[in-house]
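Participant: For reference, the chains in residue letters:
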Amino acid sequence: MKKIVKYVITDILRNKIVLVYTLFLLAASFSVFSLEDNSSKGLLSLLNIILIVVPLVSIIFATIYVYNSAEFIELLVSQPLKRKTIWLSLFTGLATSLSIAFFIGAGIPVLIYQANMVGLTMILTGVLLSIIFVAIAMLATVKTRDKAKGIGAAIMLWLYFSLLFDGFVLFLLFQFADYPMEKPMIAVSAFNPIDLSRILILLQLDVSAMMGYTGAVFKDFFGTYIGIAFSFSALFLWIALPVWYATRKFNTKDL
Amino acid sequence: MKLYLLILFVVVCAPASSKTIKAGANEKYTTIASAINAAVTGDTVLVAAGNYKEHNLVIRTTIVLKGINYPVLNGEKKYELISIKADGVVVDGFKIIHSGVSSLEDISGIKVYDSRNIAIRNNILEDTFFGIYIQNGFNCSIENNQLTANNKEEQQSANGIHCWKCDSMRIINNKVTGHRDGIYFEFVKNSIIWRNVSTNNMRYGLHFMFSNDDTYVSNVFANNGSGVSVMFSNRIKMFSNYFEENWGDASHGILLKEISDGYMQGNHFNRNTSAIFMEGANRIYMTYNSFENNGWALKIQASCVDVVLEKNNFTGNTFDVGTNGSLVLNKFNNNYWDKYEGYDLNKDKIGDVPYRPVSMYSMIVEKYPPAMILFRSFITSLLDKTEKILPSLTPENLKDTAPLMKKAF
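Chains as they are written, first to last, in our numbering: chain G, 1 to 255; chain E, 1001 to 1409.
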């Protein structure tokens, strides 16, 4: 397994896209921090980049990479290796390289300018988001054989998580305007890792006071250990469930 | 003739013959109460440094009560310290601690009952229920006092400087912390509040009710439970005050409720959840104020009429203006908005397209507070952008027709 992971990582590094991604993140974060006059503002601007760019790059890159390594996978399957090992090492390689890219690109500037709880939460959620979207991408690829369809599905999934889901939430709020929706909203947010990460980071920043009663309800929940445990386990579930399901599918897939 | 002159001389100089009475452990009068009783109109009672536990001192004659090196008056958590019931009394240089607590009698550190021309200055008040309480006073000055209380609960605390039914008051250079309201005005006319610092009070830094024709200048109100509240008053003027760090769920820099004919110039609003919250305000003119890093710079309810904002700076606020209806009877003109994305073709430093300070998302949040869950999400910024191009939900008339390209000052 170690060997395959190592091979996957070196292969990803060799094709330079991840390198460009790292450099882009580095440039974006440093310019954001040096443009804004106070660094907590910079953190807020960086939040947008992390919540949009990181999932997008992770899901698209991972999907295309898995499709492109179809022959490599076939070759590995013909060897005396378990399918589960092959699939998991592919996942580990992708997740590791993208997480490292994120950590170097955004994590280091954040640690330089804002090495506090907010910064750490941001780095952690960013890494988790990278892994989650690799996992989702692997699920998308294993479900569809057709490359164009698979990449299309990946883009749609990204669109869903970063835009459509929030639109749906807004619609839900309008429909149930007469009911207290604060608590159900906490549950709903668990269904979208991007929302969950955003709320986690915002609650660390003191903008939460602006959220009024809603913010107070969220803070009462997400501010406690139970809330933090809940949200991180939700994020881990977002990794574990797709990986588990994709591995099961891959085990029985006719290549 | 000489006799007449002599009589005239004696009459004119008679007040000058007032004497100075000393009180203290080593003086003729060992208690302050006995010295006050011995004093007649126009006398000065000098109190030496030391600890005094004399329950309640009542002043019924026009005297100057002056402490040397801050003699300590201790109320042992039972009594009111100084009660003034005569005109023209001066209380200067005391340290007043541990007054009693009673909401029934409004126990205070220093309380003035129905008197004129009182001066209370250079005192330190610690752990008092009400600090300085003026009841039905006229032409009184409260200067250079420091009031500190360590209250934990709003119900069991009272106000720092409390004026009720007064006229022509001067509240100058006092520092108030830890009380319920830092400075409280109710039915107070023609008064000035100048250079006071009111911080960390439980409820409001300044609380104003039914008080007309008052002015406050160069005060600092920071970190109070919910900022400053000005209600049901007419012709209030505010110059160069600082409203800062009033950050919390129900906090605002200043609440203007049912205010008419106000004038605000040169005030600074920094890091408040909402800098100004206006409800039922009429004919308020605001100019040269700066709004920085607030959650909402301005929450202006549809019940406000003829509020005019000219040449103010809005920078770094999350939302510039929030409102609750589509009716707009207020005017925005020549303000600087950092979120303005317009252009200036003729280079007259005034933007060519109007700026709409109300974003769609702030309208949505006003209607459906739980929508705050989508704060800073992709969809809300997308909605705001579409709304900017084609306004539908935001009030059509709420706009700055001539926004400035550069800061107004």
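Certain hints may be false.
[As the list claims (entries may be wrong)] Calculated pairs, BS3-like style, for lysine-lysine (alpha carbon to alpha carbon, straight line, at most 27 angstroms):
{"#": "1", "chain 1": "E", "residue 1": "K1367", "chain 2": "G", "residue 2": "K183"}
{"#": "2", "chain 1": "E", "residue 1": "K1367", "chain 2": "G", "residue 2": "K219"}
{"#": "3", "chain 1": "E", "residue 1": "K1175", "chain 2": "G", "residue 2": "K219"}
{"#": "4", "chain 1": "E", "residue 1": "K1339", "chain 2": "G", "residue 2": "K41"}
{"#": "5", "chain 1": "E", "residue 1": "K1237", "chain 2": "E", "residue 2": "K1077"}
{"#": "6", "chain 1": "G", "residue 1": "K41", "chain 2": "E", "residue 2": "K1406"}
{"#": "7", "chain 1": "E", "residue 1": "K1407", "chain 2": "G", "residue 2": "K41"}
{"#": "8", "chain 1": "E", "residue 1": "K1175", "chain 2": "G", "residue 2": "K41"}
{"#": "9", "chain 1": "G", "residue 1": "K16", "chain 2": "G", "residue 2": "K147"}
{"#": "10", "chain 1": "G", "residue 1": "K41", "chain 2": "E", "residue 2": "K1066"}
{"#": "11", "chain 1": "G", "residue 1": "K41", "chain 2": "E", "residue 2": "K1311"}
{"#": "12", "chain 1": "E", "residue 1": "K1367", "chain 2": "E", "residue 2": "K1257"}
[Claimed, not checked] Listed next, with one range per pair, are the computed distances between beta-carbon atoms:
{"#": "13", "chain 1": "E", "residue 1": "T1386", "chain 2": "G", "residue 2": "A27", "range": "25 to 31 angstroms"}
{"#": "14", "chain 1": "G", "residue 1": "G223", "chain 2": "E", "residue 2": "T1315", "range": "39 to 45 angstroms"}
{"#": "15", "chain 1": "G", "residue 1": "L172", "chain 2": "E", "residue 2": "P1391", "range": "22 to 28 angstroms"}
{"#": "16", "chain 1": "E", "residue 1": "E1076", "chain 2": "G", "residue 2": "A234", "range": "16 to 22 angstroms"}
{"#": "17", "chain 1": "G", "residue 1": "G223", "chain 2": "E", "residue 2": "N1026", "range": "26 to 32 angstroms"}
{"#": "18", "chain 1": "G", "residue 1": "M1", "chain 2": "E", "residue 2": "L1393", "range": "36 to 42 angstroms"}
{"#": "19", "chain 1": "G", "residue 1": "N38", "chain 2": "E", "residue 2": "F1409", "range": "29 to 35 angstroms"}
{"#": "20", "chain 1": "E", "residue 1": "K1388", "chain 2": "G", "residue 2": "L159", "range": "18 to 24 angstroms"}
{"#": "21", "chain 1": "E", "residue 1": "T1315", "chain 2": "G", "residue 2": "A27", "range": "57 to 63 angstroms"}
In short, the hints are calculated from the structure, not lab data. This structure is a prediction, so every number in the text was calculated from the model and none was measured. The beta-carbon is built from N, C-alpha and C at its ideal position, and this holds for glycine as well.
Participant: For each hint, tell me whether it holds in the structure or not.
Facilitator: Here's how the hints hold up against the structure:
1. E/K1367 / G/K183: holds (18 angstroms)
2. E/K1367 / G/K219: Holds - the C-alpha atoms of G/K219 and E/K1367 are around 21 angstroms apart, at most 27 angstroms.
3. E/K1175 / G/K219: The given pair, whose Cα atoms are some 34 angstroms apart, is violated under the 27 angstroms limit.
4. E/K1339 / G/K41: holds (15 angstroms)
5. E/K1237 / E/K1077: Since the Cα atoms of E/K1237 and E/K1077 sit roughly 38 angstroms apart, the hinted pair is violated (cutoff 27 angstroms).
6. G/K41 / E/K1406: holds (21 angstroms)
7. E/K1407 / G/K41: holds (20 angstroms)
8. E/K1175 / G/K41: violated (33 angstroms)
9. G/K16 / G/K147: At roughly 22 angstroms apart (the allowed maximum being 27 angstroms), G/K147 and G/K16 satisfy the hint.
10. G/K41 / E/K1066: violated (52 angstroms)
11. G/K41 / E/K1311: holds (25 angstroms)
12. E/K1367 / E/K1257: holds (21 angstroms)
13. E/T1386 / G/A27: 25 to 31 angstroms: Because 29 angstroms falls inside the window, the suggested range holds.
14. G/G223 / E/T1315: 39 to 45 angstroms: violated (30 angstroms)
15. G/L172 / E/P1391: 22 to 28 angstroms: With a Cβ separation near 25 angstroms, G/L172 and E/P1391 satisfy 22 to 28 angstroms, so the hint holds.
16. E/E1076 / G/A234: 16 to 22 angstroms: violated (58 angstroms)
17. G/G223 / E/N1026: 26 to 32 angstroms: The hint (26 to 32 angstroms, Cβ to Cβ) is violated, given that G/G223 and E/N1026 are roughly 60 angstroms apart.
18. G/M1 / E/L1393: 36 to 42 angstroms: violated (55 angstroms)
19. G/N38 / E/F1409: 29 to 35 angstroms: Cβ of G/N38 to Cβ of E/F1409: about 22 angstroms, so the range 29 to 35 angstroms is violated.
20. E/K1388 / G/L159: 18 to 24 angstroms: Given about 22 angstroms between the Cβ atoms, the range holds.
21. E/T1315 / G/A27: 57 to 63 angstroms: violated (26 angstroms)
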